[in-house]
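**Q** Here's the letter readout for the chains.
Protein chains: 2
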Amino acid sequence: MRESTALLTDKYELTMLQASLRDGTAHRRCAFEVFGRRLPNERRYGVVAGTARVIDALARFRFTEEQLSTLDFLDGATLDYLRDYRFGGDVDGYREGELYFPASPILTVRGTFAECVILETLILSILNADSAVASAAARMVTAADGRPIIEMGSRRTQEQAAVTAARAAYLAGFDATSNLEAAKAYGIPASGTAAHSWTLLHTGADGTPDEAAAFRAQVEALGVDTTLLVDTYDITAGVATAIEVAGPELGAVRIDSGDLGVLARQVRRQLDGLGAHNTRIVVSSDLDEFAIAALRAEPVDAYGVGTTVVTGSGAPTAGLVYKLVEVDGVPVAKRSRDKRSHGGAKAAVRACRRSGTAVEEVAYPLGAEPPEVGTLEATPLTVPMIRGGEPVAGLPDLEASREHLAAALVTLPWEGLALSRDEPVLSVRFDRV
Amino acid sequence: MRESTALLTDKYELTMLQASLRDGTAHRRCAFEVFGRRLPNERRYGVVAGTARVIDALARFRFTEEQLSTLDFLDGATLDYLRDYRFGGDVDGYREGELYFPASPILTVRGTFAECVILETLILSILNADSAVASAAARMVTAADGRPIIEMGSRRTQEQAAVTAARAAYLAGFDATSNLEAAKAYGIPASGTAAHSWTLLHTGADGTPDEAAAFRAQVEALGVDTTLLVDTYDITAGVATAIEVAGPELGAVRIDSGDLGVLARQVRRQLDGLGAHNTRIVVSSDLDEFAIAALRAEPVDAYGVGTTVVTGSGAPTAGLVYKLVEVDGVPVAKRSRDKRSHGGAKAAVRACRRSGTAVEEVAYPLGAEPPEVGTLEATPLTVPMIRGGEPVAGLPDLEASREHLAAALVTLPWEGLALSRDEPVLSVRFDRV
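Protein sequence lines correspond, in order, to chains A and B.
Quick note on my numbering: the first sequence kicks off at 1 and runs consecutively.
Quick note on my numbering: the second sequence kicks off at 1 and runs consecutively.
Hints may be right or wrong, so weigh each one.
It does not matter which identical chain is used: a pair holds within one copy or between any two.
Said to hold, decoys possible - Cut-off 20 Å, straight-line C-alpha distance, at most; resulting in silico cross-link-like pairs (SDA-like, lysine to any residue):
1. Lys-184 / Arg-2
2. Lys-184 / Gln-160
3. Lys-184 / Asp-397
4. Lys-184 / Leu-82
5. Lys-184 / Pro-396
6. Lys-184 / Phe-63
7. Lys-184 / Glu-3
8. Lys-184 / Arg-402
9. Lys-184 / Ala-400
10. Lys-184 / Gly-24
11. Lys-184 / Leu-74
12. Lys-184 / Leu-68
13. Lys-184 / Phe-61
Don't read these hints as lab results, they were simulated from the structure.
Construct the entire structure; sequences and hints are all you get.
**A** Shown next as structure tokens:
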């Protein structure tokens, strides 16, 4: 078995398990639902991401003897239950790469209370992290308007989170990642240029910089199609040196500081003047979706995005919750003052005009007939993912989910792709729930 | 060997390595420095965290044949270099739990260019993530003013990041975590209460809630010292039921919604009226350092903090960078328009009054005599961590680092502990560098 995910769990889930085994409620048939109460930062839509990782993580949710030995706060019956634990229930939900809105029933987990309750933290950790990154990344892809974006934020987030953030960014339409583990684990194209340290390394014993030596060595090692970082000292001198060393067939130059719009124009003119018409300009340096959009009219060929994408551009978590919605067929919902939820296990459709434009989502009881949507067309959003503990056949891979998202974004009303703050572009109506 | 960390690396580090092996610069003696250009969100201080994890991760920075087989963009000589790679250099820096300010030389890595350059992403990922959490968490601990805080944010961050976030929060003075893997891996006390799902599970076949049954089962399974979650339906009824079921020796009640200050007062009165004078009140629900501070006058006994601490309370990354500062003994620094740095490998001291209050930091050449600080006392901040690739003996453990931070915070001028935005409370002066 690959690494166990079983301890990526909050203690209270196991103490609730113990209490439920004692009072017999452990075996009640339950449905838990993952949904978001709102979209962070008044965004117009969210992107579901991490679903395939959840399915993989559930298969590895097994307690080893070594893990069990650390759970000394549990009684013998509970430890026995965990020793044999295999999730044997069903999971249905929005496929990875689907859009979601407040109250969209993103994922529904059904089984006994015992088998479902202990999955709360793991499922939410994955979906919250991945959806946060994908939701931010999708806005950047829209802002880039067809120009490629490279994810290079590994250094600004936890070392393992970097790997899954690269995956989520790629799902959302990024073209490549700097992260080698993500390239290996998920088959994402890896990309990279050079660091300022590379140029600084080529400093003489008397402290004299030798940018030309750095560029020459890079071109010799990596070929003329490489990307030279030209802003370590003076950008104009850096560009001149780059073309002098590499010739006008140089692949690209990267600018990583300063007013990127002004510099891109200046560098483009300089490159063209040197006959390097095909040399691309890559820009980086604290880019977010707004900065990317602001560069739309500039001669920029590709963006490198780091910090903002891996931290969700101001919304580092999607804020999704995992709530019990049904017990033995009876809908349940808590009634705390400021946190309400709809009871009952749900499926959903998205109602679209014949033109393809989405109008609303409609949630209805899981397993019931889909709702009537008049002259609109109802696209099913809820698909089976796990049956009796086993993943269903034919679940989409990362490429398929990436294409699904790209297609889904096209169905949004135009204002849905605006970067400004506003209400969600679609709302969820409840039918029979 | 435990799991390899070698691919938690950006591609460009390996292509720079290849270029340096070809042009012979790979073996130049270099010093790279980790520092922050500024503190996020105009905070007054930062907390160094993750250092022990860096040291552990470097020991596991070994390329397996399987990993090497995925690096098809490298030539044979580079692959051979990686196959034999062991970091053999030196690391010095601020100990874990130390305070830092803009330009503090937090970590200095010395060795050949080749052996140092490929560690950039891994070192920064760890320090940026852990320091972001610890820096936010330390402010929450100050705001809590001695009342315990439980970290329970696992579900709001990536599943592995949750484990290390729990560690960073504990380092900063949190008392416990909900995360079981963190408890196992780092020996942090685990804690937990119950979820709303537990109460909702106890719903009759006709949909009638039975909060009393939920509370009774929890007390029977976990003892009367447990914490009952009283806000699933009506809080006043919930508190009454809790004491009715558990008696006035109930450990605690938790409130997870609503105006926590108002509710805490109301619940305290109610508990006292029921004779439950020792029953504690635990509050949670989107608490950050400001909300914690605002509850200081209320009868709250403990805080549960989730989202904000694991996401750095608005600053999910510390923004630390890893820059080449010295080549073959010559200081180097880039001169891009908006990103300047000081060349040369550095150590630092903190100058304090005899009363213990810190006045400034002074950075000076690593290995040189410490600077004169007049009538002040100079506390060394830079300590050796790795020598010739091996960790030095006697490095502090997590508990020691936690105590170190608590003691360091006491040395700050009073305004350093204010939560409001302002300049860093100490600045770094450069002496001979």
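**Q** Look at each hint and say if it fits the structure.
**A** Hint-by-hint comparison with the structure:
{"no.": "1", "hint": "Lys-184 / Arg-2", "result": "both (16 Å within a copy, 19 Å between copies)"}
{"no.": "2", "hint": "Lys-184 / Gln-160", "result": "both (13 Å within a copy, 18 Å between copies)"}
{"no.": "3", "hint": "Lys-184 / Asp-397", "result": "within (15 Å within a copy, 34 Å between copies)"}
{"no.": "4", "hint": "Lys-184 / Leu-82", "result": "between (33 Å within a copy, 16 Å between copies)"}
{"no.": "5", "hint": "Lys-184 / Pro-396", "result": "within (19 Å within a copy, 35 Å between copies)"}
{"no.": "6", "hint": "Lys-184 / Phe-63", "result": "between (27 Å within a copy, 13 Å between copies)"}
{"no.": "7", "hint": "Lys-184 / Glu-3", "result": "both (17 Å within a copy, 15 Å between copies)"}
{"no.": "8", "hint": "Lys-184 / Arg-402", "result": "within (18 Å within a copy, 37 Å between copies)"}
{"no.": "9", "hint": "Lys-184 / Ala-400", "result": "within (18 Å within a copy, 38 Å between copies)"}
{"no.": "10", "hint": "Lys-184 / Gly-24", "result": "neither (46 Å within a copy, 29 Å between copies)"}
{"no.": "11", "hint": "Lys-184 / Leu-74", "result": "between (39 Å within a copy, 15 Å between copies)"}
{"no.": "12", "hint": "Lys-184 / Leu-68", "result": "between (32 Å within a copy, 10 Å between copies)"}
{"no.": "13", "hint": "Lys-184 / Phe-61", "result": "between (23 Å within a copy, 16 Å between copies)"}
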